[in-house]
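Using the sequences provided together with the hints, build the complete structure.
2 protein chains.
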Amino acid sequence: MIKPRTPPGTMELLPREQIAFQRMLDTIRRTFEGFGFLPIETPVFELSDVLLTKTGGETERQVYFVQSTGALGKLAESGAADGLPELALRFDLTVPLARYVAEHEHDLAFPFRRYQMQRVYRGERAQRGRFREFYQCDIDVIGKDALSIRHDAEIPAVIHAVFAALDIGEFTIQFNNRKLLRGWFEGQGIEGDAQMAVLREIDKLDKRGEDAVRETLQGEGFGLSAVVAERLLAFSRVRSASHDDALAKLAALGDGSPLFEEGRDELREVLQRLRALGVPEARYSINLSIARGLDYYTGTVYETTLDAHPQIGSICSGGRYENLASHYTKSKLPGVGISIGLSRLFWQLREAGIVGVAESSVDVLVALLDDAGLDHALALSQQLRAAGLNVETQLEARKLGKQMQYADRAGIRFVVIRGEDEAAKGVVAVKDLRRGEQFEVAEGELGSTLRVEREQWRAQAGLEAAP
Amino acid sequence: MIKPRTPPGTMELLPREQIAFQRMLDTIRRTFEGFGFLPIETPVFELSDVLLTKTGGETERQVYFVQSTGALGKLAESGAADGLPELALRFDLTVPLARYVAEHEHDLAFPFRRYQMQRVYRGERAQRGRFREFYQCDIDVIGKDALSIRHDAEIPAVIHAVFAALDIGEFTIQFNNRKLLRGWFEGQGIEGDAQMAVLREIDKLDKRGEDAVRETLQGEGFGLSAVVAERLLAFSRVRSASHDDALAKLAALGDGSPLFEEGRDELREVLQRLRALGVPEARYSINLSIARGLDYYTGTVYETTLDAHPQIGSICSGGRYENLASHYTKSKLPGVGISIGLSRLFWQLREAGIVGVAESSVDVLVALLDDAGLDHALALSQQLRAAGLNVETQLEARKLGKQMQYADRAGIRFVVIRGEDEAAKGVVAVKDLRRGEQFEVAEGELGSTLRVEREQWRAQAGLEAAP
Chain W
477 MIKPRTPPGT MELLPREQIA FQRMLDTIRR TFEGFGFLPI ETPVFELSDV
527 LLTKTGGETE RQVYFVQSTG ALGKLAESGA ADGLPELALR FDLTVPLARY
577 VAEHEHDLAF PFRRYQMQRV YRGERAQRGR FREFYQCDID VIGKDALSIR
627 HDAEIPAVIH AVFAALDIGE FTIQFNNRKL LRGWFEGQGI EGDAQMAVLR
677 EIDKLDKRGE DAVRETLQGE GFGLSAVVAE RLLAFSRVRS ASHDDALAKL
727 AALGDGSPLF EEGRDELREV LQRLRALGVP EARYSINLSI ARGLDYYTGT
777 VYETTLDAHP QIGSICSGGR YENLASHYTK SKLPGVGISI GLSRLFWQLR
827 EAGIVGVAES SVDVLVALLD DAGLDHALAL SQQLRAAGLN VETQLEARKL
877 GKQMQYADRA GIRFVVIRGE DEAAKGVVAV KDLRRGEQFE VAEGELGSTL
927 RVEREQWRAQ AGLEAAP
Chain E
477 MIKPRTPPGT MELLPREQIA FQRMLDTIRR TFEGFGFLPI ETPVFELSDV
527 LLTKTGGETE RQVYFVQSTG ALGKLAESGA ADGLPELALR FDLTVPLARY
577 VAEHEHDLAF PFRRYQMQRV YRGERAQRGR FREFYQCDID VIGKDALSIR
627 HDAEIPAVIH AVFAALDIGE FTIQFNNRKL LRGWFEGQGI EGDAQMAVLR
677 EIDKLDKRGE DAVRETLQGE GFGLSAVVAE RLLAFSRVRS ASHDDALAKL
727 AALGDGSPLF EEGRDELREV LQRLRALGVP EARYSINLSI ARGLDYYTGT
777 VYETTLDAHP QIGSICSGGR YENLASHYTK SKLPGVGISI GLSRLFWQLR
827 EAGIVGVAES SVDVLVALLD DAGLDHALAL SQQLRAAGLN VETQLEARKL
877 GKQMQYADRA GIRFVVIRGE DEAAKGVVAV KDLRRGEQFE VAEGELGSTL
927 RVEREQWRAQ AGLEAAP
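Chains as they are written, first to last, in my numbering: chain W, 477 to 943; chain E, 477 to 943.
A portion of the hints provided could be inaccurate.
Any copy will do: because identical chains look the same in the list, a pair fits if it lies in one copy or spans two.
Unchecked claim - Taking lysine-lysine and the DSSO-like style, the derived pairs with C-alpha atoms no more than 27 Å apart in a straight line are:
(1) 479 / 875
(2) 878 / 808
(3) 620 / 479
(4) 806 / 878
(5) 620 / 808
(6) 878 / 901
(7) 725 / 683
(8) 875 / 901
(9) 875 / 808
(10) 479 / 808
(11) 620 / 878
(12) 620 / 806
(13) 806 / 479
(14) 725 / 680
(15) 683 / 479
Just so you know, these hints were derived from the structure itself, not from any lab.
If you want it as structure tokens, here you go:
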């Protein structure tokens, strides 16, 4: 006998948690599709030489390699000298997207708007709330040669629509622009590689605090003067409180280098289009401390935080990059995109008590009082399914109390009962476990009645109508 | 520069193919939920010692092992002597289900009805139409200690609902019962291990043909007499043409051993309940040649074929088994289930010209004639999204002809145009690319008008209403 256990660092859910998770996935997907993003899926593994175009990074140290049984023996015989295994699990959805776009370039229309919601794999050290397998929900818009800044403005509208639909509390979409940052650094005499180093320090402000970052900036390696370091920190403190405040704060930054002005123009364009898109101004803010450590961002950068749960950190991040797939194609493919790490978010929301188990996906339990009623119960169940309801039939007669208890624990709302009295009258009794009510319906009207009840509740609960 | 390429044996789709595939997945999921099955997902990998409880089988030779970069070095140093890598990719959804049910036994209600639609991995030899990564869509009902035969009767009703909804042509659900087979074998003096061997030969009838199987049965190892072999083949030819014919053919088999009678009673029960469930009798048939080679089936067995495409073979198979998780728990967990190998089915349907690319998931392209119109186009797009439509906004002005061409190629049905004339009148022009018509609508009514058009078409096309 082997002890059944899930691998460390994976999130496996019980059915009612899985339903709650699936509803979040569905909501995100529906919203992405609402904005005209197209679905793609890529294989869980890539060829190792295709996936690992860069070497030695943190990411690569976390890569999972895959090999079939046959190849395993060969590798063991030959030792590591023979090179890497043929396959490796994807560690994000960005490298597979780059490979996909480069490989299918001639079959795609640009700008290419894709969404992708799949699991990714990282050999993280096992610890609470850190996952080795987790869902990412990504959108990206990829241009050919060029991509208008207007796409950067649409992205926060998608973020807004997603988190408004998920209904997990007030949130703020914060954004910045790395051109503005780097242009401003230039004005302070910070040039070249030092800019990236400073960017990474700024990015750590939330975690390390101002004092630690100030010390680093003035210390060895950076050697910024106290005045410049202080100016940098003051700059990083800029947050806007409203749309007009954002414009005013951008204006108050004074004149700067061409790169700085380009970044400022881009931020203004994003602000203008966001207003046209009707995104409520309480939901977005300029935050000049946002740098996003990843080296490949070059323009707009985004983070999103839950107002009541700042400790969760950014729940949706991304930005603009110059060239998606330079390792795979000579075509220049600039893009802008965001990612939601849904497994981690779900886990955090559950820890914070914001999401829990869902009602069952089963709407109706058709009870069975005695075996003679089975054929009728089966036919009635099919009638309810034809009306669009999800139905479980009790296939073995047992005490009604037991059946009620089962429905209650399972989160099933309606129990349909047909005893001798009801059969004689051509009706069924319906127990509504949510409302704690019982009522009678003519059999022929049962499907439409329960369907209406369900849709009314879904509408009240802010859920989409079910198909 | 590295040539971008997908790993051999994987199926990667372009967006419009992905949409077609996704619609099939959605239809299957909706149908499974309609019958009260609950979703679960398991990690893509399992601990190797948990996954590989049996050794030396065909399946294990096809297993993909997974190891992180660190572990890889260690394995290469120590050679294979150190044992298997820690993790392995799942090769089906049945072993993960067994592990899940055993691990979460005390948190589940039995009978446990679960569906699971995820990818599985097998290191198959690369060949056309054979996949190393493919979707399986499974349902199983798991009982504790016992599970009524009535569940076996519900399964074909699910199969019927799935393939009716997928609308890929006429199909036949064929079933048999291994108790009936083994009981009948007993009557012919075929006992013990020989029964399983004969079962496996019977299962090959379709592939090898009667002559080859007859020869094997009479040859060394089996040594059946010509009379018994002939009786066996005649028995295997039994197919029912209707519900009553099925009952008549079962009756005509004469009396048999207790095991035979048990199997026949079970088949009769399945037939009776299928009729109560309203499954059309043209859609199901008894076929006494179906044995399903897998050793773990013990009662009802199912196969499903497309009437016009017998060469595709079974598109949905499964059966009843005695004990799901004997490797992980002392609890006895009998079950019944089926599996649809959707990647392979999709590939075959595409080869046969039955499915192709889908219309776009994008309903509307909001065209842009000049940059001054952008803010209005953005606001209009949001208004359409609020009406439940999927909308792409053209963010950069270009010739209308180009925008039309783009929508046409992308499979987008509606293009919304607002030129000076339309703006003056407070209307927009709508080009319906499917009907080849153009009409004008007041801006305020655009959302509801297009929504109604879309729902009418979806209803005609037999698609579910979109949420």
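Against the structure, the hints:
Taking the shortest Cα distances, residue 479 and residue 875 never come within 27 Å of each other, neither inside one copy (35 Å) nor across copies (66 Å). Taking identical chains as interchangeable, the C-alpha atoms of residue 878 and residue 808 lie at most 27 Å apart only when they sit on different chains, with a minimum of 22 Å there against 65 Å within one chain. In this assembly of identical chains, the alpha carbons of residue 620 and residue 479 lie at most 27 Å apart only when taken from different copies (19 Å versus 53 Å within one copy). Taking the shortest Cα distances, residue 806 and residue 878 sit within 27 Å of each other only across copies (25 Å), while inside one copy they are farther apart (67 Å).
Taking the shortest alpha-carbon separations for residue 620 and residue 808, only the intra-copy value of 6 Å comes in at or below 27 Å, while the best inter-copy value is 59 Å. Taking the shortest alpha-carbon separations for residue 878 and residue 901, only the intra-copy value of 25 Å comes in at or below 27 Å, while the best inter-copy value is 65 Å. Taking identical chains as interchangeable, the C-alpha atoms of residue 725 and residue 683 lie at most 27 Å apart only when both belong to the same chain, with a minimum of 25 Å there against 76 Å between chains. Taking the closest pair of Cα atoms, residue 875 and residue 901 come within 27 Å of each other only inside a single copy of the chain (22 Å); across copies the shortest separation is 68 Å, beyond that limit.
For the homomeric pair residue 875 and residue 808, the shortest alpha-carbon distance between copies (24 Å) is at most 27 Å, but the shortest distance inside one copy (69 Å) is not. Taking the shortest Cα distances, residue 479 and residue 808 sit within 27 Å of each other only across copies (16 Å), while inside one copy they are farther apart (52 Å). Taking identical chains as interchangeable, the C-alpha atoms of residue 620 and residue 878 lie at most 27 Å apart only when they sit on different chains, with a minimum of 16 Å there against 63 Å within one chain. In this assembly of identical chains, the alpha carbons of residue 620 and residue 806 lie at most 27 Å apart only when taken from the same copy (11 Å versus 60 Å across copies).
Taking CA atoms no more than 27 Å apart as the test, residue 806 paired with residue 479 passes between copies only; the shortest distance there is 11 Å, against 52 Å inside one copy. Taking the shortest alpha-carbon separations for residue 725 and residue 680, only the intra-copy value of 23 Å comes in at or below 27 Å, while the best inter-copy value is 77 Å. When the C-alpha separation of residue 683 and residue 479 is checked against a cutoff of 27 Å, the pair qualifies neither within a copy, at 40 Å, nor between copies, at 40 Å.
Going through the hint list in order, the structure does not satisfy hints 1 and 15.
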